[in-house]
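Chemist: Spelled out, the chains give:
There are 2 protein chains.
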Amino acid sequence: MNRREFTLAAGAAGLGALVSEAETRAEDVKTMGAAPTFVLLVYPKMVLQDLVGPLTVFNLTMGKTHLVWKDKSPVATDVGIAVTPTHTFDDCPRTADVLFVPGGLQGTTSLLEDEATLAFLRTAAEGARYVSSVCTGSLLLGAAGLLRGKKATSHWYVKNLLPLFGAIPTDGRVVEDRNVITAGGVTAGLDFGLTISARLRGEEWAKRSQLTLEYDPHPPFDGGTPEKAGEEITRDILKIRSPALLAAREAAQRAAARLRG
Amino acid sequence: MNRREFTLAAGAAGLGALVSEAETRAEDVKTMGAAPTFVLLVYPKMVLQDLVGPLTVFNLTMGKTHLVWKDKSPVATDVGIAVTPTHTFDDCPRTADVLFVPGGLQGTTSLLEDEATLAFLRTAAEGARYVSSVCTGSLLLGAAGLLRGKKATSHWYVKNLLPLFGAIPTDGRVVEDRNVITAGGVTAGLDFGLTISARLRGEEWAKRSQLTLEYDPHPPFDGGTPEKAGEEITRDILKIRSPALLAAREAAQRAAARLRG
Chain P
1 MNRREFTLAA GAAGLGALVS EAETRAEDVK TMGAAPTFVL LVYPKMVLQD
51 LVGPLTVFNL TMGKTHLVWK DKSPVATDVG IAVTPTHTFD DCPRTADVLF
101 VPGGLQGTTS LLEDEATLAF LRTAAEGARY VSSVCTGSLL LGAAGLLRGK
151 KATSHWYVKN LLPLFGAIPT DGRVVEDRNV ITAGGVTAGL DFGLTISARL
201 RGEEWAKRSQ LTLEYDPHPP FDGGTPEKAG EEITRDILKI RSPALLAARE
251 AAQRAAARLR G
Chain E
1 MNRREFTLAA GAAGLGALVS EAETRAEDVK TMGAAPTFVL LVYPKMVLQD
51 LVGPLTVFNL TMGKTHLVWK DKSPVATDVG IAVTPTHTFD DCPRTADVLF
101 VPGGLQGTTS LLEDEATLAF LRTAAEGARY VSSVCTGSLL LGAAGLLRGK
151 KATSHWYVKN LLPLFGAIPT DGRVVEDRNV ITAGGVTAGL DFGLTISARL
201 RGEEWAKRSQ LTLEYDPHPP FDGGTPEKAG EEITRDILKI RSPALLAARE
251 AAQRAAARLR G
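In order, the protein sequences belong to chains P and E.
Those letters in the first sequence? Residues 1 to 261, by the numbering used here.
Those letters in the second sequence? Residues 1 to 261, by the numbering used here.
Hints were generated in silico from the structure; no laboratory data involved.
Mixed in with the good hints there might be a few duds.
Since copy identity is lost for identical chains, a pair holds within one copy or between any two.
[To be verified] Below, computed lysine-lysine pairings styled on DSSO-like, alpha-carbon distance capped at 30 Å:
| no. | residue 1 | residue 2 |
| --- | --- | --- |
| 1 | Lys239 | Lys64 |
| 2 | Lys45 | Lys64 |
| 3 | Lys239 | Lys45 |
| 4 | Lys64 | Lys151 |
Please model the complete structure; the sequences and the hints are all you need to start from.
Modeler: This is the structure we're talking about:
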């Protein structure tokens, strides 16, 4: 059976064998266990894809997601879509299966010395089964003192800042060290989300989510890492981003000094 | 040089060779040409990842994006984040480099017989250099009569509905037929976005965007298509979605009859 035949056959079978929604729900509940809870930090100038990749997969766990910030004013993102927090630092749950921090170079840098945010992350991490991030979000975990002695990753262009916080920069799209799970830049959020889904719901569930999202990536180019993209393109990006990267480094150095002191 | 050494070396070089932001901008403008324009349909119950993947890449073209709907009330999405349109059908640009339609099974189904939306898509397509979609969005292009005789794709679970609109279901993560570019389900939006970026800005630019987004996917499982996931998982999804898939099929049949009449 080729791809088209299988798709058509499967489609016909599925539509033929109709079950009521109630029936499906009852089956789901039987195999589900308690719904997982997710606390996701949202903040001004974050990168929306960093949040939406994981959130889309978390949502498919049938879990409860909380978008948390200092207040409920919408926060601006890189792509012009604002995100309205559903909870504040004060009214979000004290315990969660997953604490998650998205990235976004400028937004992350602004928070590296923000004591209210760092204090929230420390408290939330105490009540979380997994402490996690995508992209530059790991710098915030680091500044909160949550990566000391831990293997971790980040966006490739700030990964060299992780040792400032006592973290051990480690190769891998998704890096796990005990209950700390960090992922690479932006698009790593999809691989990360499925990793979390498998931990919370099992592999079969995560595979259903992968197929639901048709996650069978075929990038048109093979250039998603500095070594694959080559030195010229890598240098271009570092040059364009150099003011923002310098600001991140300086803020990380100050945050690290504060953490030690 | 291994991965870590290269990353660290590249990081050091980039931070050493600082250029002012003004200098960078001037260089960008020199090689840029006119900023591309994007008209993106947004609508209630769309899947946010369908929009955000492409939008994130479009945004990196330094182009102008327009989120367009009937009015400027926020539209709800699958993950609890509402999107506020920036333009309406009446005040959005008449011409654009890219007309783009995201998907979302329930939301798409609701619009298959919505004459205001279909009329907007027909008019917008006339002024667009590329007419494009991700996921179930192609059903809306089909219902608007824009896929007649065209090779196209969609989310795997509704791809068999494309012939109702005279389209030719075609294998491929991103399917191009003249100026019509359609992509597979949800996560195909990243591959699609980079394809569009290369068309508008050239391969070097698209590769810079890929590296900026660290798009080097490593799904934890190899199950992103029905044939890779296997029959059991495929049937599970078709069963869970069967009421929504039946509603989509019925709406598509009525929309197709209207198109013929």
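Chemist: With reference to the structure, classify each hint as holding or not holding.
Modeler: Now for the hints, and whether the structure bears them out:
1. Lys239 <-> Lys64: between (41 Å within a copy, 23 Å between copies)
2. Lys45 <-> Lys64: both (24 Å within a copy, 18 Å between copies)
3. Lys239 <-> Lys45: For Lys239 and Lys45, the Cα distance is within 30 Å only inside one copy (21 Å; across copies 40 Å).
4. Lys64 <-> Lys151: within (28 Å within a copy, 40 Å between copies)
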